[in-house]
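Visitor: The primary structure of each chain is shown beneath.
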Amino acid sequence: MSTRTDDTTAREHPIAPFIRMERMPHIWCPTCGIGTVVKCYATALADSGVDLDKACVVSGIGCTGRVAGYMRLDGFHSTHGRAIPFATGLKLGRPELLVTVFSGDGDLVGIGGNHFIHAARRNMDLLVVLVNNFIYGMTGGQNAPTTPLTAHSSTMPFGNFERPFSLPHLAASCGASYVARWTCLQVRQLTWAFAEAIGRKGFRFIEVIAPCSTLYARLNKLGSGLDLMRFYHDNVEIRNGADTREVDIGYQEKIVCGKFRDEERPTYLELMHEHYRKTLGDRYVPMPPEGGLIRGED
Amino acid sequence: MKKVIVGNHAVSWGVQLARAEVISAYPITPQTQIVEELSEMCADGRLPARFIKVESEHSAMAACIGASVAGVRTFTATSSQGLLLMHEMLHYAAGGRLPVVMADINRAVAPGWNIWTDQNDSLSQRDTGWIQLYCENNQEVLDTTVQSFKLAEAVDLPVMLVLDAFYLSHTSEPVDIPDQADVDTFLPKREARLKLDVNDPRAFGALSPPDMYMELRLRQQEAMEQALEVFDAVEAEWGERFGRRYGAIEPYRTEDAEIVLVTSGTVTSTARYVVDERRARGEKVGLVKIKMFRPFPTARLRRALAGIPRVAVLDRNLSPGRSGIFAEELRAALYDLEPARRPGLDGYVIGLGGRDVTPDTIGECLDRSRAALAAGRAPEREDLWVGVKP
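Which chain is which? The protein sequence lines are A and B, in order. Using this note's numbering, read the first sequence as starting at 1 and increasing by one per residue. Using this note's numbering, read the second sequence as starting at 1001 and increasing by one per residue.
Treat each hint with caution, since some may be false.
Distance windows between CB atoms, simulated [as the list claims (entries may be wrong)]:
#1 Glu96(A) / Asn1114(B): 31 to 39 Å
#2 Glu253(A) / Ser1208(B): 48 to 56 Å
#3 Asp262(A) / Asn1114(B): 53 to 61 Å
#4 Arg23(A) / Gly1205(B): 43 to 51 Å
#5 Glu1258(B) / Met24(A): 35 to 43 Å
#6 Asn1114(B) / His13(A): 44 to 52 Å
#7 Ser1124(B) / Met287(A): 36 to 44 Å
By construction, these hints were calculated from the structure, which means they are not laboratory data. Yeah, the Cβ is synthetic: ideal placement off N, Cα and C, and Gly gets one too.
The whole structure should be built from the sequences, with the hints applied where relevant.
Guide: Structure (structure tokens):
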């Protein structure tokens, strides 16, 4: 008997239930890495058993900023750089929610850099997914705070001379409780990292290196998005637990990936709760599930 | 030299001709091409200026302010949300009497996210103390860019030149590019009256208690009032050298007109076409283009519109809870006319978020005003919406 099947019925994509199909086609270029990251996140979310009515995504502006609008979760497409403060307000208003921030490097550590360091410092209970394509993609390839030294961008036509951030080190040194980096080639590790981080609390930071074939690759003559994936294949060095001082990304140099930090620390709301309970005693009325109200002198 | 360039590059060329010395900017659609072109001009030596792509629009304006205080010529460009993020710094540049020049590409404000044109971004910065100049075509954009530096530095006030998203920013038109030597004569190197100078130390931005503050604002207001005359002089000199003048306002075929459209930006070009067409059919219609929105050329507009039976203001903007903003400003400007010479004023809200403003849109405004005029009716409302889906 032949194993050949003539069944050509269109089947639903496994993550279709997570996507607002009415908004397809999306704006991402062919071989852009963001779709892969969304797929891994949706898979992890499905596997985690999280109540989807309690999961929400907040994005800023830029190519990755589109994620909040495309995912069939409660989503908030906020203003440029402000995804973290929007998400902070959301978490304080509804502490029971799983709040994920999905945005790009220019958004989260360029214009929004101040918010990033302070949310990490406070150990705000947010999962921050940062898709790093080394450039401002949507606006035409301007230099980003992550553009590697000597790489070309449209505002650095003779190569970048500004020192970039090493994001895992930035997050870790500001106090993030979970820090990992993967490329969008390592879909299994990335999916596991999402699943793991969903189960943790505090400021959880996952950097995902992703190809921007339209701008970063073109301006640097690196070939297609596929060529960049091959580059990841040949140049990723997995070093779980690596010292984040040693994971800088040089231009077309090895990319150190892995889980760099996974420490449980009290979150902002836990600290607040604890502090007021200690200092106010009975005057402090806990408000479930975390945090609380201060009762007036009555 | 004539070149076919988009409006964004007309700005870049203007900035190069003006020899800006520090350019600080952050990317935002649809402005980005301006600063990309400038970054190339700086990188390859065509424009000997220092360029930095900073981390936000707020920082972009702050850096312009810092450079301007040091006495150098500064420029930035932005749009929509970026302009709104600058708001605090806009007050600071104007209150600090610093001649920063900025191009704003008129783009609608979120939410609903929208990258297309309307004027709510720049008009919401009305009270920041910036001179505002609205352009109609790419030649005017280039000319106004260079003139803006001269105007700003003459009155020590910042200038925002404004152009419509896509209709100008991304549309190619032939533009005459003046010779650098001629522009250098027109606009010599900036001579700051006050600047940070180690040999003459001064403190800038100091605390100004109640016994000082009000006079600072009065001086600012006086400078704004002067800006109109200075603009005329700047334009006159430009006109002599390069043969082009635009005017703070421009009346077009308003002689004997019964209805006059009031427009700004690219809607003006469409309105000119409609006026010509209607005139050819014997209708007595004309238009007044407003180029300068701040300082508001109140007296000139009063003169241009006194005795006109009906004025139809086309506003690609809205002050929610009131009406279109140009209409609102004009109602106030015309209030002091004696009642017999005060026009009836219809304020039309059109083209928000980049909705097309076609000759039909403008025709509908004219027809409604004509019908109201014939019936001797006052406007039904202060905001008359045209082009809205049922």
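Visitor: Please go over all the hints and tell whether each is borne out by the structure.
Guide: Here is what the structure says about each hint:
For the pair Glu96(A) and Asn1114(B), the supplied restraint of 31 to 39 Å holds, since their beta-carbon distance comes to about 34 Å. Between Glu253(A) and Ser1208(B) the beta carbon distance is about 53 Å. The supplied range of 48 to 56 Å therefore holds. Between Asp262(A) and Asn1114(B) the beta carbon distance is about 42 Å. The supplied range of 53 to 61 Å is therefore violated. Between Arg23(A) and Gly1205(B) the Cβ separation comes to about 47 Å, which falls inside the hinted range of 43 to 51 Å.
Hint check: Glu1258(B) to Met24(A), Cβ distance near 52 Å, so the stated range 35 to 43 Å is violated. As the Cβ distance of Asn1114(B) to His13(A) is approximately 30 Å, the hint placing it in 44 to 52 Å is violated. Hint check: Ser1124(B) to Met287(A), Cβ distance near 38 Å, so the stated range 36 to 44 Å holds.
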